[in-house]
Every structure is written in structure tokens, then in C-alpha cells.
Amino acid sequence: MSELTISRRGLLAGSALLLVSTALPAIGFAQTPKKGGRLVLAADSEPRNLNPAIVASNGVFFISSKIVEALAEASFDGKDGLQPRLALSWEGAADGLSVTFKLRDGVKWHDGKPFSSADVAFSALQIWKPLQNLGRTVFKDLEAVDTPDELTAVFKFAKPTPFQLIRNALPALSSVVPKHLYENGKIEDNPANNAPVGTGPFKFAEYKAGQYYRLTRNDAYWGKDEPYLDEIVYQVLPDRTSAAAALEAEEIQLAAFSAVPLADLDRISKVPGLKVITKGYEGLTYQLVVEINHRRKELADLKVRQAIAHAIDKDFVVKTIFLGYAATATGPVPKSDPQFYTADVPTYPFDVAKANALLDEAGYKRADDGKRFALKLLPAPYFNETKQFGDYLRQALAAIGIDAEIVNNDSAAHIKAVYTDHAFDLAVGPPVFRGDPAISTTILVQSGIPDGVPFSNQGGYKNADLDALIVKASETLDTLARTGLYKEFQKKVAADLPLINVAEWSFISVARDTVGNIANNPRWAVSNWADTYLAG
Amino acid sequence: MKRLRRLLHTPEAIAGALILALLIAMALAAPLLFPGDPQAIAGPALLPPFRDWSLPLGTDRLGRDVLAELVHGARTSLAVGLAAAAAALLIGAVVGTLAGFAGGLIDEVLMRMTDAFQTVPSFLLALAFVSIVGPSLGVVVAAIAISAWTGPARVARAEVLSIRERDYVAGARVIGMHPLGIAFREVLPNALPPVLALSSVIVAAAILTEAALSFLGLGDPNRVTWGSMIAEGRTVLRTAPFLSIVPGVALVLTVLGVYLAGEGVVESTAVRRSLS
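So the protein lines, in turn, are chains A and B. Taking numbering that gives the first Met the number 0, I'd label the letters of the first sequence as residues 0 to 535. Taking numbering that gives the first Met the number 0, I'd label the letters of the second sequence as residues 0 to 275.
Worth flagging that the hints you see were computed from the coordinates, not collected in a lab. Idealized CB from N, CA, C, for every residue including glycine. Any given hint might turn out to be false.
To be verified - Have a look at the derived ranges for each label pair, beta carbon to beta carbon:
{"id": "1", "chain 1": "A", "residue 1": "P345", "chain 2": "B", "residue 2": "A78", "range": "42 to 50 angstroms"}
{"id": "2", "chain 1": "B", "residue 1": "A127", "chain 2": "A", "residue 2": "G35", "range": "47 to 55 angstroms"}
{"id": "3", "chain 1": "A", "residue 1": "A356", "chain 2": "B", "residue 2": "I244", "range": "40 to 48 angstroms"}
{"id": "4", "chain 1": "B", "residue 1": "R111", "chain 2": "A", "residue 2": "G209", "range": "47 to 55 angstroms"}
{"id": "5", "chain 1": "A", "residue 1": "R294", "chain 2": "B", "residue 2": "H177", "range": "35 to 43 angstroms"}
What the hints assert, rightly or not - These stretches of chain B come out as covered by chain A in the derived footprint (C-beta under 8 angstroms, 3 or more residues):
{"id": "6", "stretch": "186–193"}
{"id": "7", "stretch": "227–239"}
If we strip away everything but chain B, and leave its shape as in the complex, we get (with noise of 0.2 angstroms):
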């Protein structure tokens, strides 16, 4: 409860994850709200919103009830933006905690590779490989993944460098841990604080990659995604612009959310902190 209240002493957070539980409950409840296929056809095409209560959002150019695609599609841009950001961060772990613990030609070479990550820009690096192995949900989160995880791999290891030369590492030394045990067992959940603190931005990004991809045409065709919704929009948008509106509307919902919610709890980190 202490904690809770920490993380919502700014109204910026209490907005933040009022938009987020709002997201997350309307992702959940999807298949209640809306049961069968959100593509399905509803009614007339290119009905405008708040004209027929049984479409209060107004239907796309086939008839396609937007709400219903507007919470379908927030299913799956949440599901992209953390299931790759959880991918990011898990590999900028593992990769950054390996580097900084070991040191040396390891070290030297996980760096170099991030380097090369990180000179091409991500977007492209996504692009590429979404076009290259085809799209489907799993490779747009591939995607994302390989082209978001060097920023964690850079914090960690400056963490891990720090932490390596720390008392309690030396004493598992001492005892004889196997040095992966230490790594990953005592150094890696003692640097992982700050690298969880990207955790926002990525999600953030990870759900813009997404929506970039599908409004491509590189998402998954079988899915609703708010990307799509607004590429299909962009053909009627000087006569029914609400198709583009409404999800990039909800588009801008999320990130938003998404990032007031990290900041505050990362300011709830950074109190708890300093008053320890």
C-alpha cells in the first residue's frame, strides 16, 4: 500500500496509470466486449461515429465497426510493446551483464556488436528484417526486440562494472561460486533497477515501431492494429478523417500513458532511495 501511494504521489503517474489499468482492462475484456472477428463486416461502409449507438465509432470502408477494431487492436499493440520490450531487456541483460562481469576480449566483443546495433537505426534494422523474414506477430516482436536491446546492454554493464568490485561479490568469490553463478545470481538483480527504469521508453517506442510497421503494410495482416487502422484511413482522409484520428488518438493514449506511468515509478525509485 506504502508503496502504491509512492508511486502515485505526482498526478502525472496517477494519470499515467489510470490510462494504462484503462488500456490493460480493455485489451483483457476484448473478447467480452467484442466477441468473434473484429474484422467482421457490421454495417454500411464509412459510417461517420456517434451517428448509430450500435456503432458509437462508426464503421471503416468495408463496414467494419471501428471500436470493436480500436479494442482489438489495443490487445495487440500492448501485447507487442511488452512482449518486446521484455525481450529487449532480457537480452540488453544478459548480453551487458556478460560484458561487464567478465571484461577482456568478451567484453570487447558483446561492445563491438553493440556498436554495430547501434549504428544502423532501428527502425530500419526492423524494417529490414520484418520484409526479409515476412510479417507475423512473432517476427514484428523479433523486430522490435533486436533493434531496442542495446540500450539496456549499455546500462547494465556500466552497472555491473560498478557492482563487480563490490564486498559481497568478492566474499562469492571467496567461497568458490562458479563466476556465472555470480553474475547472474548476485550482480544482475542488484544492476537490474536502472535498466528496468528504460523499461517505459522501450514500451513506448516498441508500440510507435509497431504501428510504423503495420502502417507499412508490414504487420500482421490477420490482426487489427492501430498501424493498419490508420494506413487504411489515409486513403478517405480528406472525407472520412475519423479513421485515421480515432486510433492515432488512442496511439498517442498509450504512449502517454505508458511513459507518465514509468516516470513515476522511476521518481518512486529514486525516493525510496534516497531516503534509505
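Looking at chain A on its own, in the form it has when it is part of the complex (with noise of 0.2 angstroms):
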């Protein structure tokens, strides 16, 4: 209790405070970042592997974005959406068989070695290339990295790469992990995959499995003051809806990633000292996708296609499914990129009558009894939203005449089912938009993928003039050329539908009033953190 004295003097400061931020209610904006603090927020899922330069995903850069840091960040600002890290200025050929990378100086590893190019040498040769599952289609031609000195890394690529996808590949694909940890020994079995070690703002502290991830300061950070927060600490919550009690009880002060359901955003906005952020997650778009297995007869049909498309109101999806937390889509690229959409396609409008004009044109006339053919229908089961849209989808074929059938799997017999074993006639997948449609968007209708590639045709689609396109544009080192090459790859995936785009989502985080500094980059919730704080 003694702590509650009230002296006059504290009492004249406190009430002078207390008038001047009434006064200037703006400040709130520009305050200036508190220090310290511990800032405890929600993760579900529990990575087992930390290791970013391995796994690209989003469950992993939650959480190691925080200590292994990439060469760039993406920006809304930035030259080229781009801003520096751990590289300082990056620079194509014009032939497209190399980029020149200037890295930062005066940067140490948590365990106090110095950071050099030979570090970068070594994640991408030895690591992106060969081990990361992004990194692999990325990086396929990158041959040698000439290291002239301490902090020059050249990439040299043996085909012509276009220096546009390099640079939208560095926020995701280009983690810098140390040579000196991992050059010898097995990659994948290094311990600091579980335990990572970086130049990033925060080091790895301790994992308590079903309980948290602690994240503490690095003092020796590079960035001048950086970062604010003492500890970061992911309090492990799988059940969603525990995420917003748990917010409302101040146990956590952020919730990311969407942790707390959308239904339940409405109720929450209106919680004193909370806020509903919807920025911040511009760079990670996924997509609401309807996978098409070509090899069942009825829907190598294009018509029958273009009815399964005239048959889903997308506004219905947008509204009742994603509570208007989303965007209809129109085709592979998201409306939410600056570089590559256009809204230039043909388009499927909600109309059922015209639906079942094209399956009786196709032929699948209706049985007496109403159906015209039966299919299996696989939603993914990553989502809540995702398996939401599977009952949908079905009500909306049974409105055309198709009698869809719902097989449920867990994650692991859903990849198996569709990717592997090809056991669906449709599927509902959320494949993830990485600001480049080359990244991981052709993927998903060129042919001749091996079986058992997790989100890539294994549809059986197979059209030559889409995978000449997408070839072209792999090779096309002019920007605004690959640009235009996309836009038309944009138009033949919509006018040939190897998949149906519904919807586009991406995420929304909850905090308390307190934090700072948050949703200020397109990848925000998987940057690095180092200016966030905690205010009061």
C-alpha cells in the first residue's frame, strides 16, 4: 500500500500531464516510442521449425521475422515497395544474369560474430536453393554468389532472371542465417532450426511446448534505439475463441493473424481499449479458390465450368462468409496488388438461370429427380471461412442441378487427398498471393508439376498456350513487358477457368490502445517488430 502515497509534487505533475493531454489530444500520434515492456499476444499454432530460410510461411515468420531478419522489407512507401535490412541497396544487370547486393555494416549475430556477405553466400546457395520450399522455383537458376568483399554479395544466375522478381521475392524468400551455425552438419537437423539464431531485433529465449514462445531484447541491434520492447512473448492459444476473452481480460495485447473470429470483430470494436486493424497484412493476400480436377469428364467441359462460376454469388461469399472482411476477385491476381492486376477479364456474374442454360447446353440435362451429375467436394480445413464456403459451394451446385458430396480430412489427409492421390472433383484451397505471380501463382495452373506438390496444379489441367505464357514471362526481363505478360495470363486463366477465384482475404489484428506503431508495413505481423512499443 505504501506505494500509493500521494506526494503534492506528484500530484502537481500528474494533474499538469493530465491537462496538457487534453489539451493537445494529437499527441497520442506523435509520441515519441516508449522503452521497454513486454508485449504478449496470441499464436495458434505452434511451428516446430523456426528456421525462415527453410520454411517460408507465415506460421514461421510470425515468429522468427522477430530474430532472423531478411535482406528487405516490404514498404508502402519504399523505392519499389521495398525498404533496406540487412542489404542496403540492390541492383540488377541488365542481361538478368546477375544483382549486386550492398549489405550493412557494422551488424553481429546474437552469439556476437560478425554478419558478412559469406552469410548470404551461404543461406542462398545452400539453403533458399536447394531446401526452401518458395526458394526453390525462385532461385532454380542462381548458380554462384560472388562475395568481392565483406559486404558485397553478387548472385549470379546461369538463365536470365527478371531482376522484378528477385525483388519481390526478398521480403519472403531472403532470411539470412549464419554460415558459421550451419555449415556443418545437416541443415535440416541443426538445432538452430528449433532454437533460431540472428541478426534480427530480438533473440530466441525459450519455447515452452502448449505454453509460449519468449522473444527478448538484443542490445547489440543495428538499428539506432531499436528495438522498444524488452520481450515478446506468443502465448500459445489454438482455441479462436479464447483469443478475444483473452484480450478482453488484458492477459494479451494483440491478436494477429485473425485470431479473434470475425463474427466476434463487431462486439469487440465497441470494448474501451481495444482496436480493430485491418491494415497491415497487404503484402500476405490469400484467395478463396475453387480447385478443378480436369480428368472428371464433366468438368474438362468448359461450359460446365463457366456454370460452377456463374453459380457462386461471390457478394454472398464477401458478405455473409468473410462479414466483409474480404474482396470478390476477379481472377489469379489479387485486386490488392499495385504491380500486376487488371481488371481487364472475363467476368462470371451470379446468375443461376444462365447457369443451367450452359449445363443444358454442355448436355448434363436434369434427371428426374433434379440432379444432373454428382461430384466430390474437399474443403480445405485450414479456415474456418474455408470450410464455410465448401457448405456454401454445395448449396449453390445444388441450385444448378450438381449433386455435391462434402468429404472432410484434417490438414494432413486434405494435402494427401488432393495434391497426392488426386481423390476430388473440386476442392476449396486458400493458396497465398506473394506479390509476384511467379512466386507461387503460375504454379497453380501449369502443367507437368510432379504429384504431391502442396498447392500447385493437380488438377490434371493441362494448356499449352497458358504454359508458353507463363514460360515467356519467366524469361522476360523487361518490366513492364513481364508486366503485360501477366495481365494476359490474367485474362486466359479467367476466360479458361483451370480454377475459380472467389474471393481475396487477408487479415486482421486486435490490440490494446497501447501498442504502437502497428500494421506500418504491408508485411506487418511477420516484420521484424523493431520499432513497435508499448505506450503507458
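Put the two chains together into one complex; each comes in its own frame, and the hints tell you how they fit.
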């Protein structure tokens, strides 16, 4: 109780502060970040491998992007949408055969060893290219990385590689790990995969399975005065409904990646002290897609695919399933993408009569029971929304006489059924658009991909035209010409419907008012949080 | 008539029978009351109950009629409950009679198998079975039956052990009846009443197990079940609690009805026995 004694000076100072704060309401925005404090937030999954250089996925980045940094980060206003991290500048040669990175000086690994171009060369050649899920495609032609000095890394490509693609890939694909810890032994089994060592603003402290991850401040961080926070604690809350309750009880201060269910946002936005933030995920767009197995003779018919596209009420999906926190899709590139998106593609407005007419035309008349044919529908189990869309799609198909039987699987069984066994007719999938169609989008329609590659064309679709276009775009160096080819790609996909893009959505954060510098870049939730602070 | 009056001699039994009769009527009349697909989208999403009298219990997150789902869900729950209980009783009675009547090695083998099944928690067994074979109505029934037959098997065996020493069984032996004939024609029918007394408990447990499986997403996704309705409602528990409460109450009432009616039957047979 003794802490509560009030001195006259303290009271005066306090009331003066109060006066100032009421006189200057805008002061909250111009506030200089405060140092110290522990940020506690909700984590809904517990990735075992925390090495972002190997597993480039948002679940891993969410934690490890604070520890292991990339060469550059996405930015709202930076040149080419990037801001420097470990690299200060990047330049592509005109022939597309090399890219030169100038690296940041005076950077130290968490174990005290200096960071140098050798680490970048090692990460690129030994990890990104051979082991990383996304790097395998983007860096497939990377031949060597020259290191003329400690702070210069020159990427050499065997075939011309568009500089635009490398640039767009930097935030997600270029996490640099220390060579001195990884050069001996098998990289996949390295203990640093579970307790990462990086150059980032926070150091990995501990992980208690089923409870929390704890990161502590890196006092030797290169950013001036950064980071502001002393500690970040990821509280494992696998149950989505509990995140909202934990926020209200002030057990956590932040729930990112839509940990609070969409249906709760309206209520929670009215709770004093909490704010709902829809920004900060512009660089992480998920797409709601109907994957189609073209091996089914009915679905190999373009008219049937068009009928299905006409049968889906995209506005209903956005309004009812995503409660407005999404946008309708027109094609394989999301509307939110500033570089490649074109609206000039064939569209399929909601029209049940037209869908029925198309199916009649295709020769699939309704039988006496009103049904034309039956399909197996596999909704991906990762999101509530994908499951709900599966329920909706079944109803939408019933309206046009297609009898869809839903098959529910857990994640592992779903991936096996769709991408290895091809035991589906229609599937609902959430692929991610990563800022460039060549990173993870063209693979959804390209033919010749081996069985078992998740989130790729496993529906047996083959279109020589489209394949040629994809290859051509991957070799086109000129940014404008390349962008044009991808606009052509969107048109062709929307016209031939190898898959049906229904909606695009991103995530929502809910935070307490005291958390500052939230959502200040397009990949905020998976960026390094060096400037995040806790006020008050 | 006399039997019915005896059956309904307690208020609990009357209440149970009423609830059950209502449920069965509801389940049978579902296609008449709500023709078409109960999962069809019928109105605006998340409509609260008692606002729109064409959708008296409101709508769920996709705008499906909760009352239609509830009534059709009664069909699934009762069908699964009865089918699973019938299957469990059948397996249990056969295994128990064989074990009790044959004795010796057969008895040992069958009873150790029963032990083995009893040592695994029944819900886990059902869960494992469904996740391996894949969720569909038949599989769910089988999964519940294989985890519920052990009780009836033990009761049947105990009854058979005492019945097989009776005079009429010895008589049947003397006239040269086949042992299997004696077991299933003479012994089993007389051993059945106490086994059947278990049925109410098994039906109630089966309905709950089915609901729990659907709640975990292991029910048949193409049918409405109360368990899956509760699971659906859970994501919006704070904003639309009625979505979980309505099927939850239905589940409670059903289990209660089955149990009370079952108790009534058991007591009435007990009364009859003491009278004779």
C-alpha cells in the first residue's frame, strides 16, 4: 500500500500531464515511442521448425521474423515497395544474369560474430535454392554468389532471371542465417532450426510446448535505439474463441492473423481500450479458390466450369462468410496487388438461370430427381471460412442441379487427397499471393508439376498456350513487358477457368490502444517489430 | 392396455415417453414439415430467434433455417442412436450367449476380447475408428456399436450362466437339440430382458457419442446433426449463443427422454416380475 502515498509534487506533475493531454489530443499520434515493456500476444500454431530460410511460411515468419532478418522488407512508400534490412541496396544487371547487393555494415549475429557477405552466399546457395519451399522455384537458376568483399554479394544466374521477380521475392524468401552455425552437419537437423540465431532486434529465449515462445531484446541491434520492447511473449492459444476473451481480460495485448473470429469483431471493436486494425497485411493476400479436377469428364468441359462460376454469388461469400472483411476476386492476381492486377478479364456474374442454360447446352440435362451429376467436394480445413464456403458451394451447386458430396479431412489427409492422390472433383483451397505471380501463383495452373507438390496444379489441367505464356514471362527481363505478360495470363486464366477465383482476403489484428507502430508496413505481422512499442 | 398403464405408472416415465413420442413424431414428419434440403440457405445470416415467424428459431452463419436443421437433426440423432444401440445389443447378446453357453476355451477367448475392448475408453475407440475409415453415417453407427457392445455381452453371459443349468435346458439336450439351437432358441430369449434394460443407457450414450463425433468434425458432413450444429455455433458463441444453445437443449431433452422412458420400462418389468 505504501506505493500509493501521494506527494504534492507528484500530484501536481500528474495533473499537469493530464491537462496537457486534454489540451493536445493529437499528441498520442506524434508520441515518441517509449522504451521497455513486454508485449504478450496470441499464437495459434506452434511451428517446430522456426528457420524461415527453410520454411518460408507465415506461421514461421510470425515468430522468427523478429529473430532472423531478410535482405529487405516490404514497405508502403519505399522504392519498388521495399525498405532496406540487411541489404542497403540492390541492383540487377541489364542481361538478367546477376544481381548485386550492398550489405549493411556493423551488423552482429546474436552470438557476437560479425555478419558478412559469406552468410548471404551460404544461405542463398545452401538453403534458399535447394531447401526452401518457395526459393526452389525463384532461385532455380542461381549458379553462384560472388563475395568480392565483406559487404558485397553478387548473385549469378545461369539463365536470365527477371530482376522484378528477385525484388518481389526479397521480403519472404531472403532470410539470412549464420554460416558459422550451419556449415557443419545436416542443415535440416541443425539445432538452430528450433532455437534460431539471427541478426534481428529480438533474440530467441525459450519455448515451452503448448504454453509460450519468449523472445528478448537484442541490445546489440543495428537499428538506432531499437528495438523498443524488452520482451515479446507468444501465448499459445489454439482455440480461436479464447483470443478474444484473453484480450478483454488484458492477458494479451495483441491478436494478429485474425485470431479473433470475424463474427466477434463487431462486438470487440466496441470494447473500450481495444482497436480493430485491418491494415498491415497488404503483402499477404489469401485467395479463396475452387480447385477443379479436370480428369472428370464433366469438369473438363469449359461450359460446366463457366456454369459453376456463374452459380457462385461472390458478394454473398464476401458479405456473409467473410462479413465484409474480403474482396470479390476476378482472376488469379488479387485486386490489392499494385503491380500486376488487371480488371480487364472475362467475368462471371451471379446468374443461376445462365448457369443452368450452360449446363443444358453442355448436354448434362437434369434427371427426374432434378440432378445432373454428382461430385465430390473437399473443403480445405485450415480456415473456418474455407469450410463454410464448402457448405455454401454445396448449396450453390444444388441450385444448378449438381449434387456435391462434402468430404471432410484433417490437414494432412486433405493435402494427400488433393495434391497426391487426386481423389477430388472440386476442392476449396486458400493459396497465397506473394507479390509476384511467379512465386506461388503460376504453379496453380502450369502443367507438368510432379504429384504431391502442395498448392500446385494437381487437377490435371493442361493448356499449352498458358504454359508457353508462363515460361515466356519467367524469361522476360523488361519489367513493363513482364507485367504485360502477366496481365495476359490473368485474362487467359479467367477465360479458360483452370480454377475459379472467388474472393481475396487478408487478416485482422486486434490490439490494445497502448501498442504503438502497428501495421506500418504491408507485411507487418511477419516483419521484425523493431519499432513496435508499448505506451503507458 | 394394461401393460401400457403399468409402463406409465410414474410421472417420470410419462414425461420420458412424451418427450420420446414427440421426438419420434418430429423425426418422422421432418420431410413433410420441412421439405427439401434443410441446409438450403433460407434467409439473412445470423437472424436471432423469434424475430421472423417464417424462421422461428432464426438462422445460422450462412442463413440456414435453424428449426429445419433441428428437426432434420433429430432424424440423424435418433437413427444413429437406435441403430447403434440395436447393433451393440445384437453383438453383445450373441457374444455373451456363446461365451456363457459354450464355456471353456471359447468363453475365455471371447471374454478376454471383451476385456480388451473395455480397457480402451469407448469414445477414443469410436474416434480412432471414424478417423481411420472416414466419416459417414454407417461408419459412425459401427464405431459407436463396437465401443458399446461389451456391457450387453457381460450381462448376457451372466444370465446365460444361470439359465443353462435350468431343467428345460437339460430337457432340450436330452431330446437331442443342436447346442447352437439350444443357445439361441431356448437360452437367449430368456436371457434378453436384463440385457434390454441396458438399451436406454446405450441409446442415450450413442446419441451423445454421435453428437461428440460431429462436434469434432467427424460426423457425416452432408447431413445435419446436432453435434455439428453446436460446433458451427461455437465460433460465434459470444455474438449468437442461440446457435449452440438450441441444439444443445434438444440434445439434453432427447437423452433425458430416452433415459426416463427406459427407466419406466425397467420398473414396469420389475413390477411384473414381482407380481408373478
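Here is how each hint holds up against the structure:
Take A/P345 and B/A78: their Cβ atoms lie about 46 angstroms apart, and the range 42 to 50 angstroms holds. Taken as a hint, the range 47 to 55 angstroms holds for the pair B/A127 and A/G35, whose Cβ atoms sit roughly 50 angstroms apart. Between A/A356 and B/I244 the C-beta distance comes to about 44 angstroms, which sits within the given range of 40 to 48 angstroms. Hint check: B/R111 to A/G209, Cβ distance near 37 angstroms, so the stated range 47 to 55 angstroms is violated.
Taking 35 to 43 angstroms as the suggested C-beta distance range, the pair A/R294 and B/H177 does not conform, at roughly 56 angstroms. With 0 residues having a Cβ less than 8 angstroms from any Cβ of chain A, the stretch 186–193 of chain B misses the three-residue criterion, and the hint is violated. Check result for the stretch 227–239 of chain B against chain A: holds, 7 residues qualifying (beta carbon to beta carbon below 8 angstroms, three or more required).
Of the numbered hints stated above, those contradicted by the structure are hints 4, 5, 6, listed in ascending order.
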